[in-house]
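Engineer: Sequence:
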Amino acid sequence: MDAGAVAGCLRDKTVLVTGSTGYLGKLMVEKILRVQPDVKKVYLLVRAPDAASAEQRILTQVLGKDLFNTLREKHGLAGFQKLIKEKIVPLAGDVGTRNFGLDSSTSDDLCQEIDVIVHGAATTSFYERYDVALASNALGAQYGCEFAKKCPNLKLLLHVSTAFVAGTQEGLLLEKALKMGEALRPGCHLDIEAELQLVEKVKAELAEAKSGGSDQSSEKIAMKELGFKRACHFGWPNVYTFTKAMGEMLLEQQRGDLPVVIIRPTMVTSTYQDPFPGWIEGARTIDALIVAYNEQAFPCFVGDRNDTMDAVPADMVVNATLVAMAVHWNEKGQVIYHVSSAIRNPLTGQVLEDVCWDYFSIHPRVLENGKPLENRRPYVFKRFAYFRAYLILMYKLPLEILHAVSVLLCGLFSQYYNKHNRRYTFLMLLVKLYAPYAFFKGCFDDTNLTRLRKEVKMDGKDGSLFNFDPKSMDWHSYLLNVHVPAVLMYGRKNKGSV
Numbered sequence: 001m002d003a004g005a006v007a008g009c010l011r012d013k014t015v016l017v018t019g020s021t022g023y024l025g026k027l028m029v030e031k032i033l034r035v036q037p038d039v040k041k042v043y044l045l046v047r048a049p050d051a052a053s054a055e056q057r058i059l060t061q062v063l064g065k066d067l068f069n070t071l072r073e074k075h076g077l078a079g080f081q082k083l084i085k086e087k088i089v090p091l092a093g094d095v096g097t098r099n100f101g102l103d104s105s106t107s108d109d110l111c112q113e114i115d116v117i118v119h120g121a122a123t124t125s126f127y128e129r130y131d132v133a134l135a136s137n138a139l140g141a142q143y144g145c146e147f148a149k150k151c152p153n154l155k156l157l158l159h160v161s162t163a164f165v166a167g168t169q170e171g172l173l174l175e176k177a178l179k180m181g182e183a184l185r186p187g188c189h190l191d192i193e194a195e196l197q198l199v200e201k202v203k204a205e206l207a208e209a210k211s212g213g214s215d216q217s218s219e220k221i222a223m224k225e226l227g228f229k230r231a232c233h234f235g236w237p238n239v240y241t242f243t244k245a246m247g248e249m250l251l252e253q254q255r256g257d258l259p260v261v262i263i264r265p266t267m268v269t270s271t272y273q274d275p276f277p278g279w280i281e282g283a284r285t286i287d288a289l290i291v292a293y294n295e296q297a298f299p300c301f302v303g304d305r306n307d308t309m310d311a312v313p314a315d316m317v318v319n320a321t322l323v324a325m326a327v328h329w330n331e332k333g334q335v336i337y338h339v340s341s342a343i344r345n346p347l348t349g350q351v352l353e354d355v356c357w358d359y360f361s362i363h364p365r366v367l368e369n370g371k372p373l374e375n376r377r378p379y380v381f382k383r384f385a386y387f388r389a390y391l392i393l394m395y396k397l398p399l400e401i402l403h404a405v406s407v408l409l410c411g412l413f414s415q416y417y418n419k420h421n422r423r424y425t426f427l428m429l430l431v432k433l434y435a436p437y438a439f440f441k442g443c444f445d446d447t448n449l450t451r452l453r454k455e456v457k458m459d460g461k462d463g464s465l466f467n468f469d470p471k472s473m474d475w476h477s478y479l480l481n482v483h484v485p486a487v488l489m490y491g492r493k494n495k496g497s498v
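Taking the UniProt record's numbering, the leading residue of the sequence shown gets 1, the next gets one more, and so forth.
Worth flagging that the hints you see were computed from the coordinates, not collected in a lab.
Take these hints with a grain of salt, some might be off.
Stated by the list, open to error - Cut-off 25 Å, straight-line C-alpha distance, at most; resulting in silico cross-link-like pairs (BS3-like, lysine-lysine):
no.: 1; residue 1: Lys149; residue 2: Lys176
no.: 2; residue 1: Lys41; residue 2: Lys85
no.: 3; residue 1: Lys419; residue 2: Lys155
To be verified - Label pairs and their computed distance ranges (CB to CB):
no.: 4; residue 1: Ala52; residue 2: Glu86; range: 41 to 49 Å
no.: 5; residue 1: Ser218; residue 2: Gly79; range: 18 to 26 Å
no.: 6; residue 1: Asp304; residue 2: Gln253; range: 33 to 41 Å
no.: 7; residue 1: Pro364; residue 2: Asp38; range: 46 to 54 Å
no.: 8; residue 1: Ala52; residue 2: Leu77; range: 42 to 50 Å
no.: 9; residue 1: Ser107; residue 2: Arg305; range: 28 to 36 Å
no.: 10; residue 1: Met428; residue 2: His476; range: 24 to 32 Å
no.: 11; residue 1: Met428; residue 2: Val405; range: 21 to 29 Å
no.: 12; residue 1: Asp304; residue 2: Glu86; range: 39 to 47 Å
no.: 13; residue 1: Met489; residue 2: Asp257; range: 43 to 51 Å
no.: 14; residue 1: Asn375; residue 2: Val405; range: 56 to 64 Å
No experiment lies behind these values; they were computed from the predicted model shown.
Glycine included, C-beta positions come from ideal geometry on N, C-alpha and C.
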């Protein structure tokens, strides 16, 4: 199969995409339109109260991004607008409700048209409300499956998950389905229905306490803490991977004989080359460490520099997804792909640290007073207990002493205290969310992905059009020249928009 055959499978076909306002969703829409402008229709389901609001969201949050500049240049402004008008159809709905929140008439008509469903809608925050994550990540997968079963012409349901549904298990992690109710913590059984009932029970109790004038935490904080607590109880490090695992379980239980492909990317980084290098949106996993290094916000961290950080550029994830779509077109059954890099081209923490050191040595940062910010390597503790003790003794304890003195002196040092206490709090939040991966000893098997790679010829002028081979890239060069600058540029844009 060559690049033309991969793009050709979508000619005159209708695609339903959920999650198009997300990072990978935007890239998927752009790639489909660029490689196959003869696609029949691309329906984009977004959360919105009505059609006009849905259209506005698509125009501003998807098509208005500079990601689509390559398409604009290719077709010209008038041609681009014509393409969008003919191919893109915004839909107001909600993946967290049955039938995607569509009325029966719209749903029935849509089901008759759809050839492919790309279900990528999810909330990716590690510290999300439990009720929100359950609706989007778990029930969303179930409702997507139910909707797919009503499409008589469906050729494929493509579900975007995450490799970290495996939690923080050690050893070789296979590309296999998750079994319903099988928790990662030994001796625990996961009952998804019971979790849904627990959420409703806690929310009812919070509502009752609020009406009674109780000074309890807000529902938002309570739901976030509940999600984190339940995830840890069952063996997952955060609510995102926990609820995505639930979604896979529900899909496996209810898919029947649907043609299903599950894409499980590892940590997703900025684009490697397509449609151009360095497109990024949002802080993504290792980016939090890059931002913290840039601001010298963490003098130390926890982990092992020699451990592998499994990451993959976003365009390679999209390319693998489209190739999988073409290879498994109308093929009954389910196949799972780990879109990963650790086996073919491992990235270590040492490489990332060296890249940050090299980048900021070449591009030194300057403080507001005009003085350069010293480029320091953080101290990395290999034991969490030592890391925590060091932080308390060297930072938290002096800060609290300073706070006490400041109170006695009518807030003389309050500004200084608040600034450094925020940095301390930020570091502790990073540790809380990312420390479970600091000593990650798992390795994602990519046997299926290797077979998939062999299905596509990568030679000729279109050889790189669907490239998803991490061995084709040099991590140091990519991070230094593409990814780190992209992360910092996005951060500056984001600050400027506030």
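Engineer: Each hint: holds or not?
Structural biologist: Here is how each hint holds up against the structure:
1. Taking the CA atoms of Lys149 and Lys176, the gap is about 22 Å. The hint holds against a cut of 25 Å.
2. A distance of roughly 10 Å separates the Cα atoms of Lys41 and Lys85; the hinted pair therefore holds under the 25 Å criterion.
3. Simply put, Lys419 and Lys155 have alpha-carbon atoms about 55 Å apart, too far for the 25 Å limit, and the pair is violated.
4. With their beta carbons about 19 Å apart, Ala52 and Glu86 fall outside the hinted range of 41 to 49 Å.
5. Checked against the hint of 18 to 26 Å, the C-beta distance between Ser218 and Gly79 comes to roughly 49 Å, which is inconsistent with it.
6. A beta carbon spacing of about 38 Å between Asp304 and Gln253 agrees with the range 33 to 41 Å that was offered as a hint.
7. Between Pro364 and Asp38 the beta carbon distance is about 50 Å. The supplied range of 46 to 54 Å therefore holds.
8. Between Ala52 and Leu77, the C-beta spacing of about 23 Å breaks the proposed range 42 to 50 Å.
9. For the pair Ser107 and Arg305, the supplied restraint of 28 to 36 Å is violated, since their beta-carbon distance comes to about 52 Å.
10. Hint check: Met428 to His476, Cβ distance near 30 Å, so the stated range 24 to 32 Å holds.
11. For the hinted restraint 21 to 29 Å between Met428 and Val405, the CB-CB distance of approximately 23 Å keeps it satisfied.
12. Evaluation of the 39 to 47 Å hint for Asp304 and Glu86 yields a failure: the beta carbon distance comes to about 53 Å.
13. Between Met489 and Asp257 the beta carbons are some 47 Å apart, a value that agrees with the proposed interval 43 to 51 Å.
14. Checking the proposed 56 to 64 Å range against Asn375 and Val405 shows it is violated: the Cβ atoms sit about 31 Å from each other.
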